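Chains as they are written, first to last, in the working numbering: chain A, 56 to 558; chain B, 58 to 419.
Worth flagging that the hints you see were computed from the coordinates, not collected in a lab. Fair warning: there could be bad hints in the mix.
As the list claims (entries may be wrong) - Quick partial rundown of chain B residues pointing at chain A, CB under 10 Å, derived from the structure:
| hint | residue |
| --- | --- |
| 1 | K196 |
| 2 | R198 |
| 3 | V284 |
| 4 | A288 |
| 5 | G381 |
Claimed, not checked - One-sided and incomplete, this derived list gives chain B residues near chain A with beta-carbon spacing under 8 Å:
| hint | residue |
| --- | --- |
| 6 | R139 |
| 7 | W143 |
| 8 | L277 |
| 9 | A278 |
| 10 | Q290 |
| 11 | A291 |
| 12 | R293 |
| 13 | T295 |
| 14 | G296 |
| 15 | N300 |
| 16 | W304 |
Note that this is a predicted model, so its numbers are computed, not measured. Here a beta-carbon is modelled for each residue, glycine too, at the ideal position from N, C-alpha and C.
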Amino acid sequence: MSSPLLELRGVTKAFPGVLANDSVDISIPEGQIHALLGENGAGKSTLVKIIYGYYAADEGDMYWMGNSVSVTSPAHARQIGIGMVFQHFSLFDALSVRDNIELAISSKAGGDGLSQKIHEVSNTYGLGLDPERDVFSLSVGERQRVEIVRCLLQSPKLLIMDEPTSVLTPQEADNLFKVLNQLAEEGCAILYISHKLEEIKELCHHATILRQGKVVAECDPTKESTRSLAEMMIGRSLDPPAYELKKTGATKFLVQNLSRIAEDERSISLKNINFDVREGEIFGIAGVAGNGQTELMEMLAGEVLADDNAAISINGVECGQRSIRERRELGAAIVPEERLGHGAVGSMSLIENVFLGGHQRFNLARRLWMNYSNARTFAQKTCDDFDVRHAGIHVDAGSLSGGNLQKFLIGREILQEPLVMLASQPTWGVDAGSQLAIHKALLDLAANGTAVLVISQDLDELLELCNRIAVMFAGSLSEPHPVSSLTAEKIGLLMGGAHPEAA
Amino acid sequence: MRIKLVPRQTHSRLMTWLTPVMALGLSLVAGTVVFYLLGYPPLQSLYAFFISPISDLYGVCELLVKASPLAMIAVGLSMGFRANVWNIGAEGQLTVGALAGSALVIYFPESNNILMLPAMLILGILGGMAWASIPAFLKTRFNTNEILTSLLLVYVAILLLSTLVHGPWRDPAGYNFPESVIFQDVATLPVIVSGTRLHLGTIFALLAIITGWILISRTLAGFQVRVSGLAPQAARYTGVRSNLMIWCVLLGAGGLAGLAGIIEVSGLIGQVQPIISPGYGFSAIIVAFLGRLHPVGILFASLVLALSYLGGEFVQIKLGLPLGIAGVFQGMLLFFLLSCDILIHYRIEIRKTSLSSSAGST
Chain A
56 MSSPLLELRG
66 VTKAFPGVLA
76 NDSVDISIPE
86 GQIHALLGEN
96 GAGKSTLVKI
106 IYGYYAADEG
116 DMYWMGNSVS
126 VTSPAHARQI
136 GIGMVFQHFS
146 LFDALSVRDN
156 IELAISSKAG
166 GDGLSQKIHE
176 VSNTYGLGLD
186 PERDVFSLSV
196 GERQRVEIVR
206 CLLQSPKLLI
216 MDEPTSVLTP
226 QEADNLFKVL
236 NQLAEEGCAI
246 LYISHKLEEI
256 KELCHHATIL
266 RQGKVVAECD
276 PTKESTRSLA
286 EMMIGRSLDP
296 PAYELKKTGA
306 TKFLVQNLSR
316 IAEDERSISL
326 KNINFDVREG
336 EIFGIAGVAG
346 NGQTELMEML
356 AGEVLADDNA
366 AISINGVECG
376 QRSIRERREL
386 GAAIVPEERL
396 GHGAVGSMSL
406 IENVFLGGHQ
416 RFNLARRLWM
426 NYSNARTFAQ
436 KTCDDFDVRH
446 AGIHVDAGSL
456 SGGNLQKFLI
466 GREILQEPLV
476 MLASQPTWGV
486 DAGSQLAIHK
496 ALLDLAANGT
506 AVLVISQDLD
516 ELLELCNRIA
526 VMFAGSLSEP
536 HPVSSLTAEK
546 IGLLMGGAHP
556 EAA
Chain B
58 MRIKLVPRQT
68 HSRLMTWLTP
78 VMALGLSLVA
88 GTVVFYLLGY
98 PPLQSLYAFF
108 ISPISDLYGV
118 CELLVKASPL
128 AMIAVGLSMG
138 FRANVWNIGA
148 EGQLTVGALA
158 GSALVIYFPE
168 SNNILMLPAM
178 LILGILGGMA
188 WASIPAFLKT
198 RFNTNEILTS
208 LLLVYVAILL
218 LSTLVHGPWR
228 DPAGYNFPES
238 VIFQDVATLP
248 VIVSGTRLHL
258 GTIFALLAII
268 TGWILISRTL
278 AGFQVRVSGL
288 APQAARYTGV
298 RSNLMIWCVL
308 LGAGGLAGLA
318 GIIEVSGLIG
328 QVQPIISPGY
338 GFSAIIVAFL
348 GRLHPVGILF
358 ASLVLALSYL
368 GGEFVQIKLG
378 LPLGIAGVFQ
388 GMLLFFLLSC
398 DILIHYRIEI
408 RKTSLSSSAG
418 ST
């Protein structure tokens, strides 16, 4: 048997306070689509960064086509035939596709024939890229294809993809899978990192599962269920909450004809948005990121005021022009998309972070004075009630893991017993255990009569949680659909801008 | 053996307070070398620079006289710096505050009203605020960079002072010197330690430090200032109106600088002269950072900077060194502080090169 394309033996890497990779063995033969599965913080990113030459392993060996090798830099990795497409793209908006590719690849491959080569690669794999278009005019999916072409031009033998579908519609993801399958058939190996178990079952030939830096299992994902994969990932059995959706009541949150004109080229105009969230209901807003969700959330929260006071009502009180503080007094609780820097300040303690969203309703400030003893009580209660694992409420919020910090933020808002809960991307980048806890907390909240709005890119999450779902596309919001009438495919079409009414 | 800088998981609170001390120590060592290279006996020079100026009561009081305006201005500036509002123009606000307060004496030179002094102080505060309100307005209305506007307004203020003192405010009986009339007693801040120049202004500076401390650590407003600087989005989230915040920190800093200005004139100089401050408004920026933008730190930092002014004068008189030596020490202090600050976020790790590590070899 010939040696595998890439083999890692006993790779170990420690960071201060954490063993990111603990004696990891992996072997990838040519032409295999190999999934790397694991919760956040399981060590997936560290491992691929070692392979791609960003980090040097503390211990262990790497073999490339049978020979011992130590990759010293990403450039070295590309030179020996390893390409990587990152989760966050590194493209210059103002430059054309051609220029972006030329900038990134070695000068040898560039030159006059570059446009021609881009065409060839693009056609071979059905990517449909025009080298002369400027990047800012491309959709997220097209930008990803630029990154892929950039890798393919250097004829890699191994392509690493870091959560490639997190920004794609289901249809775009399907197209990506076709490309990856074609590459695999031609003998290129693919190391595929993802949280999404369904797509791993669909796409991958083999899976390595990491937990706390160790390889805990290897399997053939096509022979496993998503549930068994998830249980291998988090290391215990999952009991998803089974809920009877309660009858929903009166409208608690109403948005009527909400519009906003974009301030610059990078932001999205909101066009005449209408929806309502009822008592006891979870209302979902789906959509690919960058279709106006951020702009919408700013207005719903009151960080940016509407032109028309009647555009937003909380519990029957018009508040489109009222501040975020007044909206909190009317009963709103807000969980912003960004955890650090928006919902929490990383360099402040958990105690001080309780002030951030809760100083009004927790009664933490008497007139002008901060009431630290009350804040301590609430910080402790939030951590206890919502299972936030921390080294003490005096530690900086930034030292918590994503999942724990998100539980803290959700808990801080829920403990305020809001009438209306506005949550944006509540489980974005959160480990499976925390995700489950957050979903349960939101369902409980709705069951107690709060009107809950969830803006999310994760369709599975919305289908699991919501009573009704509307889809955002290019600054417009579709009609809401009861979740019973929806499938992932139908939402996918809406996310791409199609109108199922017309179709 | 390799020496590496390794990022810390969280920033070191110990180092936050230790690096200013380290910077001071390194400045002393480097100072010794400088004195030696200039051909002066190093230890004797250091003694003349740092110890002799404060070896008697008069010297200590002089130190406090110089530290007071520095501390007062730095407390105001630190609030703005914490909120990411970069007021570089305290020198101008100081000057206009001094002019606004002095105007009362110029136009009522014969007055013996006991309310003269309080009114001057209030006018001083208002003058400083007025000057700071220009960058505040430009920033909130047109999003103009306050670093540029506040700095440029310093030169306008100094020219305004010069115009007045050479023109309408010149003392008619002053032999054509560019100086105003000498302030009458009701317009002069009382001395609090007889035989020295230590005046009531030092008490005001202490009050400013205590108020600043309470404000930043105990009040909601102080919390909002801190959040504004650390995470502007989180500040909006907690309900801070950013324009209001900009106005407040600029007016606060301007008011304190203006107060420091009128105190200098009324407590020390006793008349309006073409030069009111030896650059207190700018040195206060160093004080604010050396003091970690914290009022208690600022208290100590103001004493250090004041000593560098005093020591500079002393070595000039005693050993004939150039006055610029004070600036050299201030510069070294800031230089060493900024370089030591890397230890707040990084730690030094010394390790022996291990053979098993294959990093760095291809």
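So, going through the hints one by one against the coordinates:
1. Taken as an interface hint, K196/B does not check out: its beta carbon lies about 18 Å from the nearest beta carbon of chain A, beyond 10 Å.
2. Taking 10 Å as the C-beta cut-off, the interface hint given for R198/B is violated, the closest approach to chain A being about 16 Å.
3. For V284/B, the interface hint holds, since its Cβ comes within 10 Å of a Cβ in chain A; the closest pair sits about 6 Å apart.
4. Look at A288/B: its Cβ gets to within about 4 Å of chain A, closer than 10 Å, so that hint holds up.
5. The restraint placing G381/B at the interface with chain A is violated, with a minimum CB-CB distance near 39 Å, outside the 10 Å limit.
6. A cut of 8 Å between beta carbons decides the hint on R139/B: the least distance to chain A is about 12 Å, and the hint is violated.
7. The restraint placing W143/B at the interface with chain A is violated, with a minimum CB-CB distance near 20 Å, outside the 8 Å limit.
8. For L277/B, the shortest C-beta to C-beta distance to chain A is roughly 5 Å, which falls under 8 Å, so the interface hint holds.
9. Hint status for A278/B relative to chain A: holds, with the closest Cβ pair at about 6 Å, below 8 Å.
10. Look at Q290/B: its Cβ gets to within about 4 Å of chain A, closer than 8 Å, so that hint holds up.
11. Below 8 Å, beta-carbon pairs count as interface contacts, and A291/B has one with chain A at about 5 Å; its hint therefore holds.
12. Checking R293/B against chain A by beta carbon gives a least distance of about 5 Å; that is within 8 Å, so the hint holds.
13. Contact between T295/B and chain A, as hinted, is supported at the beta carbon level, the nearest pair being about 5 Å apart and thus within 8 Å.
14. Among the interface hints, the one on G296/B holds; its C-beta lies about 4 Å from the nearest C-beta in chain A, closer than the 8 Å criterion.
15. With 8 Å as the threshold, the beta carbon of N300/B stays out of range of chain A, its nearest partner Cβ sitting at about 13 Å, so the hint is violated.
16. Checking W304/B against chain A: minimum C-beta separation of about 17 Å lies over 8 Å; hint violated.
Checked against the numbered hints given earlier, the structure breaks hints 1, 2, 5, 6, 7, 15, 16 and satisfies all the rest.
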